[in-house]
Amino acid sequence: MGGYGDVQLLNDDGSRLDGRKLDEIRPVTIEAGILPAAEGSAMVTHGLNVAVAAVYGPMEAHPRKIQRQDRAVIDVRYNMAPFSTSDRIRPGFNRRSREISKVTAEALESVVLVERYPRSKIRVEIEILAAEAGTRCVGITAASVALADAGIPMRDMIVGVASGKIEDTVVLDLDKAEDNYGQADLPVGILPNTGEIAFLQMDGDLSLEEYNLAMEYNFKAAKEIHEIMVDALRRRYDGGEA
Amino acid sequence: MGGYGDVQLLNDDGSRLDGRKLDEIRPVTIEAGILPAAEGSAMVTHGLNVAVAAVYGPMEAHPRKIQRQDRAVIDVRYNMAPFSTSDRIRPGFNRRSREISKVTAEALESVVLVERYPRSKIRVEIEILAAEAGTRCVGITAASVALADAGIPMRDMIVGVASGKIEDTVVLDLDKAEDNYGQADLPVGILPNTGEIAFLQMDGDLSLEEYNLAMEYNFKAAKEIHEIMVDALRRRYDGGEA
Amino acid sequence: MGGYGDVQLLNDDGSRLDGRKLDEIRPVTIEAGILPAAEGSAMVTHGLNVAVAAVYGPMEAHPRKIQRQDRAVIDVRYNMAPFSTSDRIRPGFNRRSREISKVTAEALESVVLVERYPRSKIRVEIEILAAEAGTRCVGITAASVALADAGIPMRDMIVGVASGKIEDTVVLDLDKAEDNYGQADLPVGILPNTGEIAFLQMDGDLSLEEYNLAMEYNFKAAKEIHEIMVDALRRRYDGGEA
Amino acid sequence: MVELVPTLLRQELARLAEDDARLDGRGRWEGREFTLETNCLYNAEGSAKVVMGGTVVYAGVKFELRTPWPDRPTQGSLMCGAELRPVAGRKYEPGPPSPQSIELGRVVDRGIRESGCIDMESLCIVPGEKVWGVMIDIHVLSDRGNIFDACGLAAIAALRTAIVPAERFDVGDDHKLQIKGTPIMASFTRVGGRFVLDASEQEELGGDERIHITLGDEGHLHSLQKGLRGVFTPAEFAEIFEVAQTRCVELRKIVAKEEEN
Amino acid sequence: MVELVPTLLRQELARLAEDDARLDGRGRWEGREFTLETNCLYNAEGSAKVVMGGTVVYAGVKFELRTPWPDRPTQGSLMCGAELRPVAGRKYEPGPPSPQSIELGRVVDRGIRESGCIDMESLCIVPGEKVWGVMIDIHVLSDRGNIFDACGLAAIAALRTAIVPAERFDVGDDHKLQIKGTPIMASFTRVGGRFVLDASEQEELGGDERIHITLGDEGHLHSLQKGLRGVFTPAEFAEIFEVAQTRCVELRKIVAKEEEN
Amino acid sequence: MVELVPTLLRQELARLAEDDARLDGRGRWEGREFTLETNCLYNAEGSAKVVMGGTVVYAGVKFELRTPWPDRPTQGSLMCGAELRPVAGRKYEPGPPSPQSIELGRVVDRGIRESGCIDMESLCIVPGEKVWGVMIDIHVLSDRGNIFDACGLAAIAALRTAIVPAERFDVGDDHKLQIKGTPIMASFTRVGGRFVLDASEQEELGGDERIHITLGDEGHLHSLQKGLRGVFTPAEFAEIFEVAQTRCVELRKIVAKEEEN
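Residue numbers (my numbering), protein chains in the order written: chain Y, 22 to 263; chain F, 22 to 263; chain S, 22 to 263; chain B, 6 to 266; chain E, 6 to 266; chain U, 6 to 266.
Derived by calculation from the structure, the hints in this document are not laboratory data.
What you are looking at is a predicted structure, and each value in this text was computed from that prediction instead of being measured.
Ideal Cβ positions, reconstructed from N, Cα and C, are used throughout, including at glycine.
One or more hints might be untrue.
[As the list claims (entries may be wrong)] Short, incomplete list of chain F residues facing chain B, as computed with Cβ under 8 Å:
#1 K123
#2 I218
#3 L221
#4 Q222
#5 M223
#6 G225
#7 D226
#8 S228
#9 L229
#10 L234
#11 M236
Can you build the whole structure from these sequences, using the hints too?
Below, the structure written as structure tokens:
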């Protein structure tokens, strides 16, 4: 977290710079099945973030050394397009995207019924086309919908959400300014039906009380976004192929 | 193309700076079988360009995923030696050489009887030792002779030639200054016996009429260079091993 | 060799700056079996150098193309930790470490009874944690002890030692200043029982007479260090697991 | 659509070609339906999305401040790259840029660069010291055939709507990037023995070589490229060149129309 | 120790968990024996060696002079990286940094960075011109379980004893690096269905997900990370958070004690 | 020549060694025929081609302007690299530089550098600001044995004929690069149990370790390297050192003669 002390992020009435309440998420829209070449796909806009996910497989896992005898492996690539950020990003993986890919894959392996596909691989491609804070969470949400769109069986969805702290106040779903000048960020991946957590990162400074409040906000948001996810899938199957 | 307007490339009598006529190629010499370690090889000097090609195979294609069940693949590496240009080139592939390698391989696959060697690979190594404009064409010519020297059956040779445009005039076989300050370049790979085209690139600005004239020049040059190629191979087999 | 002429490296009484005699090595300590995860390991301190070696295998050699039908291959990685030198080294291999890894592997393959393990691989990892001139030799010594600690059969040990030339005088075991400002360095790997040489590099300027004297010093040092190696292995097996 | 094995597919395509027909019922010189959308991405200074049949690509434009090359002190620079990442289809693998993606980027780059549609002098801020570098990145999200034309179209459409972010870099006021001309690419694939326009994924799978033609506003050639195994005759080129002329005029109109919106 | 095949190992670990027992006889929240040694490496400006059970790691600190970022002209920088090289165990392979090593380095880095223990302003030499870059490199020599905690401990211990080599760089006198606070990481692994502290190599082999918690001097969270396949409940988190508080206080004392020597 | 399988080849080579004979009829210390040609490449500031038996290598010299290292403000720099690309033989594969090619380049580099034949001070243009960097690139086109000696010879011959391109860089008049001395490499391979000079490809295939000796004009050692599996005795070294003295004198004469032409 940047943690600059001198940027005002809350209005005098306690509301946020963009008018949101402390526990209010940015607008979210989801469309499933938008990439004809993929076996499952989704586009999620969340604030000004745009994330696309494509799913391929299950397919044979190769090279063989990545194969697991008892289950499928999920191979996630989280990638930011060069034009997705204010300063252009050089194409190719970097350390940040490799870490996010790893923990996202492990989160998805926690909900996909991987035991049904031993020795196989499911490819999940997450492409961030526009970034405005919170892209890893938006990517997880998109990946969940794309997996469902591909017909991959899961014991629950994962909803990606984040809360954080700005001006010593816990708020839901940091936008770009809040992320740059805030004091903490707590991105999580929540299973909406079981209430379990499959993805967890955090940085900054949070007391236990603040953590608990931030987590409460996250669970609230997960419920809201989950409805939008379900709705997108319903539209996809009612409306036929895109 | 550089396309600087203020450099004079044609003399007042319409001839070129180096005295060539508009449809005249630079001097070309070819020697086959110059690399004892290779199964086939050739050195082509074309103006001040020096290109060497070596052929290995057919051999088993590995890794297996590059294998084609019905034919051989041709694996071309076009490489400029670090000392081949005015400013030293860092060793290792770059984007330009990868593109040229790809389209050169595809051109050669169009004339080699690849169906005779299913699941195998033929390696063609093109090394540019000195560069003076037109190296991709010189490399194609060298590769054709090296393939023939290796006894690889082909339905025709490919002759690499280029025409271009300088001072709004179509000319054959641009040299370095003409390439740097010219307006268009049209490198092609011509099958001398069938009159077909296996390699085609072009950049700059050409009207259809200019294209047609440039192509006419290219066909004329292909005939001349083809004779030198045949002569080199004849000398090689008359004269025994180099 | 740096070879700066204006740095004094010998005292007026002919002794060296750190008080050593011309044919005196820096203090050496060796401990075997210091890495619980490895099958054999050793730490060698030699002057201010600290080198650690770990041995894994014999194990199946893969990828298959590195396999040898009639013997094991030894896969050595000599690596300098980023904090091992005055200026931090960027992690990852460089040309120097690749060359040292290659010739060290070839030296070890000369003494390990590799014929006993066809088609297999023995991994030897040499990590330099602190460098004060002569690390390749210290690494060879550490690798020998680690191989013995792993129970890999060898026809002899290899002792890494170096002599050099400073102020036109041959001296044993250059330290950092002597290495930086000296005139020659002759690192070798000596088989203490047979008197053969398995590792040899040299750079700088040496007449044949100087070479012979430097080599005489090296053999003398090899005997001294060999005793410390044997002692470390004896302590390891008397004292049980570390 | 049933995925035919290549040999059967080739036979089927040859049979259709005899009747001058195509798998999806199109005419030989008929393109698939497509949509073009511009300015669709936050953070890109210019952007475009092209959907051409089942092919989906995005292009985004970014700017950076650079020092000019010593021998061209008043000229900015252009860079155009394409990424064919695993998202685009089952056959695409992760790893360093493939020859396919390098070729794609370079062919699109040459078409734009050689058309002269960007006046490199207009990118100069302080001669010898500061110029704009323009970077177009093309991202293929779904490959169902003829990604070259989709990428070429997305690139020029993104460029034509780009805003130079001078304020963010503290070098003046934001302004539209000056673009003269609209170079357009038309690609032809040999299918069943003869060339067709805008090949589908199945046609590419069972087809042979491709020819990519980029034409400028006056119908001049600015870039040519032959890809894949196969040869062609001068007569065949003459035929597709004529088709390309018509196709490029049509697409150029659509780019202009999208800009007016 | 006999290397059990994972399935048998998992069964054994589940059976032990029913009795609240562990393979090596430890209590659920009991760490292995460990030793901490600092200033043990020539050429490193600060260094530490941690032996935790059979896990052995070194950390070394180096400094470099840099020009500060234009938007933070008075701030130095911190970089923390971990190398999981083949020396560390049979399963580690040579090659570019693995996702495992990248995660390890980044989690340790965030814990230290976000705790604010390094005042970046204190690394300024000449505003806008010259600042210190602090680089911590962590080297895992032997992995027998829970390398995260060993690496986190080695990193902060090395930092806390580091000397800024100002004389060598001709920018003043050598001095101790100012460090406020001692962020400590505590890692928990699900073994036999429930979380345990400081898992051994066998427990990791037959276990599930890990949670890494870094706490500052006041017990605040500075970094969290869940790794590997598995899910957890908020109640489980509450339990391990309490254990982490105790564990971190203990380890912080040991770091302080080593510093006094 | 029939390609013998290595085991049979080794037996044959051992049998020949008993009679002090070699596969191609040469004496033990006899080199193959070779030719040296210099200044053979446009664009290289110095160049040489060496054909040694069936081995063909080129070396080319280029110059660049650099800022000197702060601690050596009046010294230029030398870089020597070798590329063992797939062109050189069936066994060579594409990819990043192999350990073989790195060793080759570094051994040639050390021989030239340590002989002191380039006065680094003579490469200074403006102290502390501008010096010449000399770069020798060696390109092996055909490996039929003993590429080390061929590369060493090509490198020094290219250097000795190099012209410093000062006019092109606008720093004075073109002039010959000053070179004092002609370091020469002689390589020995253990074949059939004893060392021979200038091994052929077959001898290398059925042989053991190599020793590379670089000698300067006064017969001093400037570089030694043992490569491949095998050991040798001090007595063996003494013998080949004597042969190396003679060999290097001969080759040095040929370099001088080529220069006069």
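Hint by hint, here is what the structure shows:
Taking 8 Å as the C-beta cut-off, the interface hint given for K123 of chain F holds, the closest approach to chain B being about 4 Å. Taking 8 Å as the C-beta contact cut-off toward chain B, the hint placing I218 of chain F at the interface holds, the least distance being around 6 Å. Hint status for L221 of chain F relative to chain B: holds, with the closest Cβ pair at about 4 Å, below 8 Å. Evaluation of the Q222 of chain F hint against chain B yields a held restraint, the C-beta minimum of about 6 Å falling below 8 Å.
Against a cut-off of 8 Å between C-beta atoms, the interface hint on M223 of chain F holds, since the closest Cβ of chain B lies about 4 Å away. Interface hint status for G225 of chain F: upheld, as the beta-carbon distance to the closest one in chain B is roughly 5 Å, under 8 Å. For D226 of chain F, the interface hint holds, since its Cβ comes within 8 Å of a Cβ in chain B; the closest pair sits about 5 Å apart. Given hint, S228 of chain F at the interface with chain B, holds; its Cβ is 5 Å from that chain's nearest Cβ, closer than 8 Å.
Look at L229 of chain F: its Cβ gets to within about 7 Å of chain B, closer than 8 Å, so that hint holds up. Because the closest C-beta pair between L234 of chain F and chain B is about 12 Å apart, greater than 8 Å, the hint is violated. The beta carbon of M236 of chain F comes within 6 Å of a beta carbon in chain B, closer than 8 Å, and the hint placing it at the interface holds.
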